[in-house]
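Could you put together the complete structure from these sequences and hints?
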Amino acid sequence: MTGAEIVLECLRREGVEVVFGYPGGANIPLYDALYNSPIRHILTRHEQGAAFAAQGYARTSGRHGVCLATSGPGATNLVTGIADAKMDGVPLVCITGQVRRPVIGTDAFQETDVVGMTLPITKFNCVVMNTEDLPKLFAQAFYIARSGRPGPVLLDIPVDVLKEKLEMWEYPEKVEVPGYNPERKRDLPFEQLIEMLSASRRPAVIVGAGAKWCGATKLVRELLDRLQAPVVQTVHGLGTVSEDRPYYLGMVGMHGTRQANIAVSHCDLLLVLGARLDDRVTGDPAHFAKHAKMVHFEIDPVQLNRVRPVDLPIVGDMAKTVEQFLAALPASLPDWSGWLAETRSVANPPPKEHVGTGKPSPTRLLEMLFDRMEPDALVAADVGQHQMWTAQRASGIAHPRQFVTSGGLGSMGFALPATIGMQLAFPHRQVICVTGDGGFQMNIQELATVQRYSLPIKILVIDNKYLGMVRQWQQLFWDRRYSEVDLYDNPDFVKIGEAYGIPGVLMNKDTSMEQQLREFLAAPGSAQLVVECPAEANVYPMVPAGAALSEMILEEKKS
Amino acid sequence: MTGIAIYFFNISGAMMRVLNCFTRRGLLIQAVWCAPVGDRHRATVLVEAKPITIEQIVRELNSTVGVDRVEMLEKPSAEQLAQRHAPEVSKGDNGSTVIKIAGPLEENRFLVEWLGASG
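For the protein sequence lines, the chains are A and B, in the order given.
All residue numbers for the first sequence refer to numbering that gives the first Met the number 0, where the first residue is 0 and numbers rise by one.
All residue numbers for the second sequence refer to numbering that gives the first Met the number 0, where the first residue is 0 and numbers rise by one.
Simulated from the structure, these hints should not be mistaken for laboratory data.
Among these hints, one or two may not hold up.
[To be verified] Below are the DSSO-like pairs computed for lysine-lysine, each with C-alpha atoms no more than 30 angstroms apart in a straight line:
1. A:Lys556 to A:Lys289
2. B:Lys99 to A:Lys292
3. B:Lys49 to A:Lys289
4. A:Lys494 to A:Lys508
5. A:Lys508 to A:Lys556
6. A:Lys494 to A:Lys464
[To be verified] Covered stretches of chain A, as calculated for chain B (at least 3 residues, CB under 8 angstroms):
7. 106-120
8. 172-183
9. 290-304
A virtual CB, placed ideally from N, CA and C, is assigned to each residue, including glycine.
Right, dumping it as structure tokens:
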């Protein structure tokens, strides 16, 4: 077998059914082997699209996402997607072609040091210098990507390794990586935790993405049902707790609900279940849960004490730690219903966007979208204002892998390719891409991929002819000095979609929202709905960067 | 000055990942000694950083693929290491290489032996 054939066989052994990529000089042998392979290859129109599509596949299915690129520019085009996967803890396996071994280091045509470049944004990467090492390295790469806190890995394979033939090879039965033991057993101080819980008068819980990646959603739900204390979720936690739970207060953080942010600000004990607690969640760390003791359930010790000291770390896989905690919980817990009622009595003001222009309101439109889409529809949001509007509306969804967005790196251009991967992971579910006019144009070429594979993705473009989130910050914190955010000369997105073979309509009046949205969702194949929104609609509530969570701006100041 | 000894398996990229934990935070690595120790490698890094940053680095190192364990050096050891400089190398009158080593011979026995030179 050639190295390329061995690579595909390794992928098959790992259960890979679909890969996303783009061919080039240094990975031709791999594409030659794919020609007869049962593994399905999806040709994107840019390597960044391949990385995001693989992420969409991984985020919704929980399986590895795999992407291929050639050396040099092909490899560098993956970089944003890799960094994005590192931030959000997504198991992404990247396979890049490299120039042949004898010319590595000579600045050969399309040579780049992608291993050096991606060292800080991968969990593991290497140049495969010996064909014999391919099986071991693939087994290690897949194991590292999915274990512990998931993340991206990259194998850079010189073209002559892909061409070299091996008579004999074996895929390892057991994987060992020296110096990597994510399943290390640790002491779990549940007695102390139960003491803290029993002494608490105002506990609150933050739920992050950890529950879903550990396969602990059911256990976390059971725990929260037992506690009956105020619960909030991060953007990536959405779907772990649904809005029908009486203790659920919504999304926390910069654009979270007032109830959620107030509960976290005033609690005396904060249980963090698998969340990184980045600055968008905490606001000013000095004021974050200032009067609370903090207990952090986390698989990756790196995430502890990052923004604020933790009083009690519970390090481990939440499928195990939460299960053990449930078993250790006493039959009777304090009654926190008074505190819960107090948090619920805080008013959550309805969105006020300063509209009234006759144009469709983005928040109302998204409200209608979530009400009318299929209950198990998968939604990806791009990055910007529409992302936060969508997250606010997705705050109550019932499935933890239903809503996908680039929350950590905040990569514009994420959503359209991500939905390609999502649709391929779940061909029979409704898949909706919510994007803005800025982000859409960053990977607009992937419309060709949607069309080529007849993917029935519904693409909703919220077009306010601005880089809206930056404009909002410039409006609120930079004296309305709108510097380089005006996209007044956007192209006609409907025509562009049609040129790619994707039918679309323009929605520019609030009177036709209902009917146009229904037709859009009912379209049998892919469809595009371009929504011309009021240019200066803002996302509220908003915690200004660096302010405490309790210092929310709730609505537009009258000017 | 803080000294940290990192024991790691010399798998692909591990050494660079170790050093990157420092450099990604904008820290200037003052000195680093790295060599095999048994079946592992040890990198001893000297760096000036706030205690909270050091704490974050140690946690990150412990989660880095390939790293076996991390040890903080006692403050006096770190300070002593910080005083250590590479020996001065020059050409002798007869064309030979002259290496000047500071300090008593006893303390530099290893280096002298390694150079194959006599005291």
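Consistency of the hints with the structure:
no.	hint	in the structure
1	A:Lys556 to A:Lys289	holds (28 angstroms)
2	B:Lys99 to A:Lys292	violated (57 angstroms)
3	B:Lys49 to A:Lys289	holds (23 angstroms)
4	A:Lys494 to A:Lys508	holds (19 angstroms)
5	A:Lys508 to A:Lys556	holds (26 angstroms)
6	A:Lys494 to A:Lys464	holds (16 angstroms)
7	106-120	holds (count 4)
8	172-183	holds (count 4)
9	290-304	holds (count 5)
Comparing the model with each numbered hint stated earlier shows that hint 2 is the single one that does not hold.
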